[in-house]
Amino acid sequence: MSHIETSYLDFGRLEALSRGDSFLHRLDPRTKVLTTVFFVLAVISFDAYTVSALLPFLLYPAVLSGWGGLPVGYLLKRVSLVMPFALMVGLFNPLLDRDPGATLGPLELSGGWLSFASILLRVFLASSAAFILIALTGMPDIALALERMKVPRIFVVQILFVYRYIFVLTEEAVRMMRAYTLRSVHGRRPGLGIYAQIVGHLLLRTLDRARRIYLAMVSRGFDGEVHTLRTFHLGLRDVIFLVGWVSVFSLFRYQNIPAWIERMAG
Amino acid sequence: MHMSDALLSPQVGLTMWTVTASSIALASRRLRKKAEGLNVPLMGVAGAFIFAVQMINFSIPGTGSSGHLGGGLLLAILLGPWGGFLTLASVLTIQALFFADGGLLALGSNIFNLGFFTCLVAYPLVYRPLISGNPSPRRLYGTSVLACIIGLQLGSLGVVLQTALSGMAELPAGAFALLMQPIHFCIALVEGVATGFVIQFLRTAVPAWTDDPEASRPISSGRVLVGLFLVSLLIAGGLSLVASASPDGLEWAIQRTAGKEELPSPAGPVHQIAGRIQEWLSFMPDYEFRASGQAETGKTENPSPSGKAASGITGSLITLVLVLLAGLSFRFRRKGVQR
Numbered sequence: 606m607s608h609i610e611t612s613y614l615d616f617g618r619l620e621a622l623s624r625g626d627s628f629l630h631r632l633d634p635r636t637k638v639l640t641t642v643f644f645v646l647a648v649i650s651f652d653a654y655t656v657s658a659l660l661p662f663l664l665y666p667a668v669l670s671g672w673g674g675l676p677v678g679y680l681l682k683r684v685s686l687v688m689p690f691a692l693m694v695g696l697f698n699p700l701l702d703r704d705p706g707a708t709l710g711p712l713e714l715s716g717g718w719l720s721f722a723s724i725l726l727r728v729f730l731a732s733s734a735a736f737i738l739i740a741l742t743g744m745p746d747i748a749l750a751l752e753r754m755k756v757p758r759i760f761v762v763q764i765l766f767v768y769r770y771i772f773v774l775t776e777e778a779v780r781m782m783r784a785y786t787l788r789s790v791h792g793r794r795p796g797l798g799i800y801a802q803i804v805g806h807l808l809l810r811t812l813d814r815a816r817r818i819y820l821a822m823v824s825r826g827f828d829g830e831v832h833t834l835r836t837f838h839l840g841l842r843d844v845i846f847l848v849g850w851v852s853v854f855s856l857f858r859y860q861n862i863p864a865w866i867e868r869m870a871g
Numbered sequence: 009m010h011m012s013d014a015l016l017s018p019q020v021g022l023t024m025w026t027v028t029a030s031s032i033a034l035a036s037r038r039l040r041k042k043a044e045g046l047n048v049p050l051m052g053v054a055g056a057f058i059f060a061v062q063m064i065n066f067s068i069p070g071t072g073s074s075g076h077l078g079g080g081l082l083l084a085i086l087l088g089p090w091g092g093f094l095t096l097a098s099v100l101t102i103q104a105l106f107f108a109d110g111g112l113l114a115l116g117s118n119i120f121n122l123g124f125f126t127c128l129v130a131y132p133l134v135y136r137p138l139i140s141g142n143p144s145p146r147r148l149y150g151t152s153v154l155a156c157i158i159g160l161q162l163g164s165l166g167v168v169l170q171t172a173l174s175g176m177a178e179l180p181a182g183a184f185a186l187l188m189q190p191i192h193f194c195i196a197l198v199e200g201v202a203t204g205f206v207i208q209f210l211r212t213a214v215p216a217w218t219d220d221p222e223a224s225r226p227i228s229s230g231r232v233l234v235g236l237f238l239v240s241l242l243i244a245g246g247l248s249l250v251a252s253a254s255p256d257g258l259e260w261a262i263q264r265t266a267g268k269e270e271l272p273s274p275a276g277p278v279h280q281i282a283g284r285i286q287e288w289l290s291f292m293p294d295y296e297f298r299a300s301g302q303a304e305t306g307k308t309e310n311p312s313p314s315g316k317a318a319s320g321i322t323g324s325l326i327t328l329v330l331v332l333l334a335g336l337s338f339r340f341r342r343k344g345v346q347r
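Same order as they appear, the protein sequences are chains X and G.
Following the numbering used here, the numbering of the first sequence begins with 606 at its first residue and continues without gaps.
Following the numbering used here, the numbering of the second sequence begins with 9 at its first residue and continues without gaps.
Below 20 Å or equal to it, Euclidean Cα-Cα: the simulated SDA-like pairs (lysine to any residue) are: (1) Lys755(X) / Thr23(G); (2) Lys755(X) / Val27(G); (3) Lys755(X) / Arg37(G); (4) Lys755(X) / Trp25(G); (5) Lys755(X) / Arg38(G); (6) Lys682(X) / Gln103(G); (7) Lys755(X) / Ser30(G); (8) Lys755(X) / Leu34(G); (9) Lys682(X) / Phe107(G); (10) Lys755(X) / Ala29(G); (11) Lys755(X) / Phe837(X); (12) Lys682(X) / Leu332(G); (13) Lys755(X) / Ala33(G); (14) Lys755(X) / Leu22(G).
Chain X is nowhere near these chain G residues, computed Cβ spacing over 10 Å in every case: (15) Thr26; (16) Val134; (17) Leu138; (18) Gly141; (19) Pro143; (20) Ser144; (21) Arg147; (22) Leu154; (23) Ile157; (24) Leu162; (25) Leu165; (26) Leu186; (27) Gln189; (28) Pro190; (29) Cys194; (30) Pro215.
Since the hints were made in silico from the structure, they are not lab data.
Note that beta-carbon positions come from the ideal geometry of N, C-alpha and C, so glycine has one too.
All chains should be modelled from the sequences, with the hints used to inform the complete structure.
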């Protein structure tokens with residue numbers, strides 16, 4: 606299967622997960638957005654050499670993916686695809702910072718390795734939180750939550766529109782690429798000239814589609830705003846979820862749990 | 009290239025969020041009046057189009073590698089600067105969630121680096137003034153390449169500065185810039201040519217099409233001046249922040265290279281090469297960013313951090329096991345409920 610088709614299917618899978626029905630799926634989207642923001646802020650606010658104090662934060666992705674029934678292997682694969690950039694930049698840390706930072710038994714670790722490990726852990730935590738948010742909430746609900754949180758309406762409508770047509774247009778692109786691949790020698794990638802034609806045609810179809818959508822919307826009384834019947838309300842369970850996690854995060858932020866456990870054990 | 013959560017400090021991340029949120033608010037206000045027309049569905053579908061286009065690869069002649077369009081300039085050409093910016097912002101938001109490209113805190117930086125510089129700087133100040141009437145294809149390609157180069161160079165400089173100011177990565181800003189700017193120069197060349205080709209295709213396929221959504225409102229020279237002023241202010245501000253950190257950083261680098269000799273230096277060839285690279289990088293007339301304080305003081309406060317950090321290992325392992333158990337217990341409890 607071609608590159609474009611696999612990434613399309615991959616994208617669709619996350620969308621399918623968000624249509625699940627669990628306690629977590631049913632929480633108000635605002636609760637989940639806020640909890641995720643607090644989580645990311647807590648994780649990012651540690652200094653560059655923190656490793657052990659970050660470990661307890663793994664509790665959040667572990668519990669939520671377990672509770673929401675999310676496929677862990679799939680999430681791990683997605684997270685690993687995100688790593689390269691941070692990996693590239695972080696790889697210089699062990700090279701440049703060779704002051705002794707910690708000892709692992711007989712092994713001496715430099716500060717660079719510590720901060721490198723910290724960066725990797727941060728990428729893992731932050732990106733898994735993002736995936737879990739989308740897999741438990743879905744894009745339309747997140748957009749509507751953003752609107753309730755005073756994000757400009759036109760931007761929210763824009764997100765909803767893009768999201769709605771991603772699937773349509775990507776399918777269109779997949780079809781065009783399939784047609785090209787079947788006619789080309791050894792399924793080679795198109796050169797710039799042919800690429801421009803393919804993309805240009807896709808663009809023409811896009812513009813044409815936009816015009817049709819616009820006419821259809823106007824004939825149904827579109828006035829620049831998207832109205833939904835969906836109402837959100839913050840219930841008791843939302844409050845408990847948010848307050849519970851935020852207190853857990855602040856505990857993890859201000860108490861080094863692994864060190865604490867060690868003192869208990871030793 | 010996307011900025012990553014892990015390389016950002018909360019201060020830098022939140023600052024970039026504030027800047028980006030106000031640009032989005034401004035763009036929304038500018039577009040609200042025009043939102044009744046074709047614009048809403050057009051912007052929406054164009055965003056989805058960019059999404060699809062980013063999945064199509066083409067081969068780059070002579071290199072054997074492949075690339076794809078980022079689409080910032082293309083969006084600005086199709087929708088105007090504000091529309092292009094808002095559309096790219098929405099695409100990046102969706103990508104931050106679905107692909108965790110960068111992450112949520114870094115989203116502010118990413119929208120700024122990729123959207124602001126391309127749509128609100130390179131397009132109105134470079135592309136628009138140079139393309140007027142019915143330019144020849146060659147002029148179109150040249151302008152589009154130039155606009156992409158300027159937009160992407162500023163954007164990658166943004167990544168470098170934000171990384172450096174955050175102080176998570178050890179890589180000195182100068183070395184990082186030496187790495188990033190040439191890469192983005194090449195990316196911009198490809199992006200510019202591809203954008204030019206697509207626009208040229210559109211011109212020949214649909215002669216009636218004009219790439220000028222704001223044709224009735226030419227940009228006044230006053231606005232160009234204000235724009236240039238803002239950009240230079242921004243760059244100057246960034247550079248001054250960098251410069252103020254430099255003396256400490258240099259001292260610190262010298263100290264560290266001197267202190268290193270007391271360590272028994274490992275003799276392996278890998279270590280020697282690593283050491284040589286390190287020396288090369290640290291002796292470059294450049295800036296270090298550890299002077300921001302937090303990280304450094306955190307380190308110097310425990311002159312023998314080894315004891316403290318080593319004691320963390322057992323506790324860390326126990327924590328990991330506990331976390332794993334918690335996750336599993338929720339999973340099994342859930343399965344029990346389902347049965």
